[in-house]
Structures are given as C-alpha cells and as structure tokens.
Amino acid sequence: MNFKLLFFALILSATASFGQVVHVKIGEKSEANNEVELVLTNRIQSYQSNTSNANDYYEPLINSPKSVNYASNGKKFYVQSLEGGNTLVFDAITKKRIKIIRHEFTELNQNLFKNGEYSVFDYKYNVTRENYNIFIGKPVESCFSHNGKYLWVTYYRRNYDSNASCPSAVAIIDTEKDEIIRVMPTGPLPKMIACSPDNKSIVVTHWGDNTLGVIDISSSDPNEFVYKKHCVIDYQMKMEFGSGHVDRDANCGYCLRGTVFSPDGQFLLVGKMGGSGGIAVLDAITFELLGTVQGMKSNVRHLVINGDNLFMSSNGPGFVQKCDYRQFLKTRIENEGNEINFSEFQSANVGSGARTIATTSDGKYLFAAVNNGSKVAVVRTSDMVVLTTIKADSYPVGMDISPDDKELIVTSQGKTGGGGNSVMIFSITIK
Amino acid sequence: MSVRIIFVVCLLFLFSCGEKKPSSQVNKKAESVKNSIEVSGLVIQANMVSVSTFLNGDKIPFARTTNDWKKAIALGQPAWCYADTLNKKGILYNYYAVCDKRGIQKDENKLTPQKAAKLVAAKEIKWNQFFDMNDCAEKGPMGNVYNLNYLNLWIQDTLIQDQGKLSPCLIIDYKTNGISIKNVNKGNGFHLLDLN
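For the record, the sequence lines run as chains A and B. Going by the working numbering, the first residue of the first sequence is number 10, and it counts up by one from there. Going by the working numbering, the first residue of the second sequence is number 657, and it counts up by one from there.
Bear in mind the hints are in silico, worked out from the structure with no lab data behind them. Because the structure is a prediction, the values reported are computed rather than measured. Glycine residues also receive a C-beta, built at the ideal position from the N, C-alpha and C atoms. You may find that some hints are simply not true.
Partial list, computed: chain B residues near chain A (C-beta under 10 Å) [claimed, not checked]:
#1 Leu698
#2 Ile729
#3 Tyr806
Derived DEER-like restraints, expressed as beta-carbon distance ranges [to be verified]:
#4 B:Asn805 - A:Asn124: 54 to 62 Å
#5 B:Asn803 - A:Glu348: 19 to 27 Å
#6 A:Thr137 - B:Gly732: 40 to 48 Å
#7 B:Asn803 - A:Asn156: 57 to 65 Å
#8 A:Asp414 - B:Asn803: 55 to 63 Å
#9 B:Leu731 - A:Gly83: 53 to 61 Å
#10 B:Phe718 - A:Glu348: 26 to 34 Å
#11 A:Gly83 - B:Val699: 52 to 60 Å
#12 B:Lys821 - A:Asn232: 46 to 54 Å
#13 A:Asn350 - B:Phe718: 31 to 39 Å
#14 A:Lys247 - B:Lys821: 51 to 59 Å
#15 B:Phe718 - A:Ser171: 53 to 61 Å
#16 A:Ile102 - B:Gln701: 54 to 62 Å
#17 A:Asn82 - B:Lys821: 37 to 45 Å
Straight-line C-alpha distance at most 20 Å; calculated EDC-like pairs for lysine to aspartate or glutamate [stated by the list, open to error]:
#18 A:Lys105 - A:Glu185
#19 B:Lys838 - A:Glu249
#20 B:Lys821 - A:Asp292
#21 B:Lys838 - A:Glu345
#22 B:Lys727 - A:Asp131
#23 B:Lys821 - B:Asp724
#24 B:Lys831 - A:Asp414
#25 A:Lys209 - A:Asp273
#26 B:Lys821 - A:Asp333
#27 A:Lys424 - A:Asp292
#28 B:Lys838 - A:Asp292
#29 A:Lys85 - A:Glu345
#30 B:Lys726 - A:Glu345
#31 B:Lys831 - A:Glu348
#32 B:Lys726 - A:Asp292
So here's chain A without its partners, still in its complex pose (with noise of 0.2 Å):
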C-alpha cells in the first residue's frame, strides 16, 4: 500500500515538474486577432509514428532539435539535432528530408581537421585520449558565411566531454553539397555564432567561460581560416568542476549567448544571460570589449538588430524589449565606466522562458518562441503588443522565419519526462 502511495506521488511530483507534455494538431491557428495569423502546416516529430496527418512526418532523427535556419535562398533548411549529432537539411517546399549531416568523426575523417589540431587559445582537456579528434559532436546553433555558401555549426560539447570543460569545435558544412569541409576547435561550451556584416570576421561565443573566440575568414578558401583573437568578457570563467556532474547550463558564469554585429559592422553586441546581466559591446575591427550596458530586464537570451531597432528576450522575466540600437551604442561610447546604464527600453511581456526570438523582413513584427507556456507570441513592434499567440509543441525553443515572410518554423527541445522533439512549420498571413 505503502509502494502504491510513493509511486502516486512520485508520478504526481514528475508531472508537476514537467508540466503537461503538449503536442498541438495540425491545423491549430493563432488566436483571432485583425493583423497576423499564425496556422501550423506541418510538423517533423519524432514523437509518434504512427500519425494521422499527411502533414505530420515522422523523422526519427529529430533527437531535442535546438535550433534551425533557412537556407539565404529559402528553398531548404537546416535543423540542428542536439542530442542526435546530426543537422537535418529539409526541403522548404516539400518538408522532406533530403540530407543528413552526421557530426561524427573517426579515423576516416580526420582529414577535416587542419594539421590535425584540436584546441586553440592553449585550452586544456581534462581528459586523456589518443586522439581527441575522434567524437561526436552536438550541435546547438549555426550560421552563415560568405553570403549563405557557409554554414558554421557549433558544438555544443564533443560527447566524451561530459561538463562541456573541454574544448570543443565548430564545423563548416559547404552548403552547395551539404557536406562538412572543415572542422575548427573552439573554447569551452560553444553555443552562438555570428558573421561579421562584411564576411570578413565569424565569432564564437563561448557559453562556457565568459569568452569568445575570432576567426579570420577574409581568405575565399576555408582551409586558410584561422583564429586571430580571443575576447575575454570581464573575467575568464575558471572551470574547476572537480570529478562530478555540473550542470553546465547552470554554472557558465555570464553564461554569454545572444550575439549580434551592428550592421555597419562597427560593433558586436553579446548578451549576458547569467551573472549581473546585461548587453556586452565591443569594438568589432579590433574586437576591445568597450563594456556592458545594464537596464533591460534579466536574463537576457537573445539578440536581433532589424533596422534602429535591437531586439532582445529575456528568458526568466518572459519578456520582448526593443530599443534603438544607435542610441543605445551612442549611449556605451559616450561613457565611462565597464557598466553603464540604458533606460529607454520598450517592453511586451510573452510570458516567462522568452527564448529564441524573429522579426519579419520589415521589422515589423516579432515572433517569441516561449518554453514555458509552449507557445509563440506575435508582437507588433511599433508599440510592442502582444497581438496573439499559437499553441506549439512543448519546450519550443528555436526559431526562424523564411525570407519571403510567409513561414515560421519553431523546433521543440526534447526533455526528459516526454515532449519536445519536433519541428512545427506554421503559415504566417499578414492581413
């Protein structure tokens, strides 16, 4: 009896943990509003293969899908499979998978790796092995060089790296053939990167240690890319975790994520998502951190320029902010001080867990994806109200929209306990 009772209450406390799992149906529209409708099309799961809908594609592979990124073009996009070690090149058109990048490297393929090299900035391992190059990587983010020809794919961690400690690597897939042509080290817990306006400059925010790491990519040839600074938010991160399991989501410092160039290329603005917060600016020709301007809520996740205007989520508050992002670099230069203060914040809350956020091509308006109440809001951004939101998959996470307006795709991070793992394509109509 007494058995019974504890396995009641430890189902009880396990669905109080993980909320209810949500799976929504296809056809599930966005609440009635004049401006913007949001209907899902199509979904790519993992979660049930036996599906009802012709619209609803079972993809094994999809394995907690963190992020995803149209191709420059349109015509194919690429989800970034977390835990499965692949990234999943779907057509926009069909939503069929038409190639499987596998992120796994053996003896076989060693030839990725220039010279054979496995770390940069002299990061150490804490773990011994014959060659540290034979992994499999997870990948976590992405994004374009050289006008879409390349896509880079940072590693979460390499899989025999269980704290994400060690160094870890980004690869370089040729998007003509889909195929990786290089693999790069990179520092501890990669997880943004960003282009440079000019292609001139990629940078790999280091999630793991307050760092970030510059790669020179002037050179038209992938092989002559290399490493020409390494910046240091404030401090760098010591990572003396001992033998035992951290959770590196948790303990990562400033726990650096949302990363975006100005687009005439003079800054890099880096978010701060843990620590005393705030928006990290540097000089993007030399890469100086120039310091941090405080003001806007907590917890800061992501980061777009569209137009004037910067663009951020906060993760645990559950708000969008906009701000004109000449004023607010005017702001950073004109003062001194390693942090300084902005108030000129306009704010629309979508709920807490505002993770991955979108704009349409216009700026007009904003797309949240928001883990916790699995949804995504639509914010008008000329006055930042929330016009309506749209059921979607449980933990949505990733986001983006396509070129020409007129689809969003949201993927849903896998969690243990069910839910997640699936990629939700949703018509946007503008009315």
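Chain A is already provided as a structure; the job is to place chain B on it using the hints.
Chain B in isolation, oriented as in the chain A frame:
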C-alpha cells in the same frame, strides 16, 4: 587662311566639349553640401572648425593614440584628434580644449546655449542635406572613433564650464534630422560648429 580655319575648328571643338559637360556633375558637391545655411538668423558654416591652435597661437595638444586621448581626459587637459586618421580629415576636440580660456573660436562664432536653443526650435530643417555624413564621426572617452550617424556639436558657455564631468552638446540625427540637446561626458571628441 588655313591657320584661321584651324583656329575656328579648335574653338568649335572646345565649345562643343563644354556643352556636353553636365553641369549637375560639375557642381554636385556644391549642390549636395552647401557652404553655409541661415537658420533663425544664424549663419552656419558647413565646414566644421578645424584648427589645431588656440586663438593666442598656442598648440592644442594632439592625441595621436587612444592612450594619449585617455590620459588627457584623466588629467582634464585639452586634446584634439582627427575624425578620419587615415586621411587626416576632420578635427574632434574634447571639452577641455573647448572650454580652455585661450579659446578656439571667437565668441561671436561659438555655438552658445542660446544659439543652440534657436536651432532646436527651428522646425523641418533638412540638416542631412547640409552637413556631410563624415561629420558624424565621434570619439568616445575610451579613444575609439565611431560613426553612428549623429552629428555631435559642443555647446560653449563660460557660465557652465568646469561643473562636473558633463557638458551640453547639440545632437543632430543624420538619419531623421531630429535635433536635441543632451549633457554628455567631457571626454568625448566632438566637432565645433562655426556660425555667426
């Protein structure tokens, strides 16, 4: 006779060349960036002040490096630098140079708070058709030069000198033509407007 014919042909050729030359191209610079403009009774020169000496002939210290610039600010001393170091164009002054008693401009040419207020009150002026975007360069207290498309002009008034770290500045948004007055760090490198 043949010499006369050749002379006439040459003249015709020269005139025909002159006719083909598009006047809009010849005067493009002059049309897009005017030499002066009158706003609310103030005549503003399009070219910013670009002197490296005070009115008495003393040299204003030149900040060659970012360290020179930062050092001058830390000591509260005058300094100037180029807005465009590569081409040695445009001069930015810190406020310690602007408020130095030796003066950079004659009083009648200074942008005083009263004159600045007049410019702010003047509506619908297309400032960006008058000034050059390169005039929007500014140098922060940390010594780096950026251009965020704002024209930053020191306001000078003997009454407000040496009061704290801030000093007023007239800011014109080159994108929107918006104009405002703001207190900014004296360690910034801004332009000086020439008007009367």
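Worksheet entry | Hint validity - Tyr806 of chain B Cβ closer than 10 Å to any chain A Cβ | Nearest chain A Cβ about 6 Å off; hint holds.
Worksheet item: Quick one, are Lys838 of chain B and Glu249 of chain A close enough, alpha carbons at most 20 Å?
Response: Distance of about 47 Å is beyond 20 Å: violated.
Discussion item. I want to verify a distance hint. Is the separation of the beta carbons of Leu731 of chain B and Gly83 of chain A within 53 to 61 Å?
Written reply: holds (57 Å)
Practice prompt. State, for the Cβ atoms of Asn82 of chain A and Lys821 of chain B, whether the hinted interval 37 to 45 Å holds or is violated.
Written response: violated (51 Å)
Worksheet item: CB of Phe718 of chain B to CB of Ser171 of chain A, is that within 53 to 61 Å?
Response: Holds - the Cβ-Cβ distance for Phe718 of chain B and Ser171 of chain A, about 57 Å, lies within 53 to 61 Å.
Practice prompt. With 26 to 34 Å as the target window, see if Phe718 of chain B and Glu348 of chain A comply at their CB atoms.
Written response: holds (31 Å)
Worksheet item: Is Lys821 of chain B within 20 Å of Asp724 of chain B, Cα to Cα?
Response: holds (19 Å)
Discussion item. Quick check on a hinted range of 52 to 60 Å for Gly83 of chain A and Val699 of chain B, using CB atoms only.
Written reply: Given a distance of about 54 Å, which is inside 52 to 60 Å, the answer is holds.
Practice prompt. Let me know if the C-beta of Ile729 of chain B comes in closer than 10 Å to any C-beta of chain A, holds or violated.
Written response: holds (8 Å)
Worksheet entry | Given pair status - Asp292 of chain A, Lys424 of chain A, alpha carbons within 20 Å | violated (38 Å)
Practice prompt. Could you tell me whether the CB distance from Asp414 of chain A to Asn803 of chain B stays inside 55 to 63 Å?
Written response: Roughly 31 Å apart at Cβ, these two residues miss the hinted range, so it is violated.
Fill in: C-beta pair Asn803 of chain B, Glu348 of chain A: status relative to the range 19 to 27 Å that was hinted
Given about 24 Å between the Cβ atoms, the range holds.
Hint compliance for this structure: hints 1, 4, 6, 7, 8, 14, 17, 19, 20, 22, 24, 26, 27, 28, 29, 31 are broken, all remaining hints hold.
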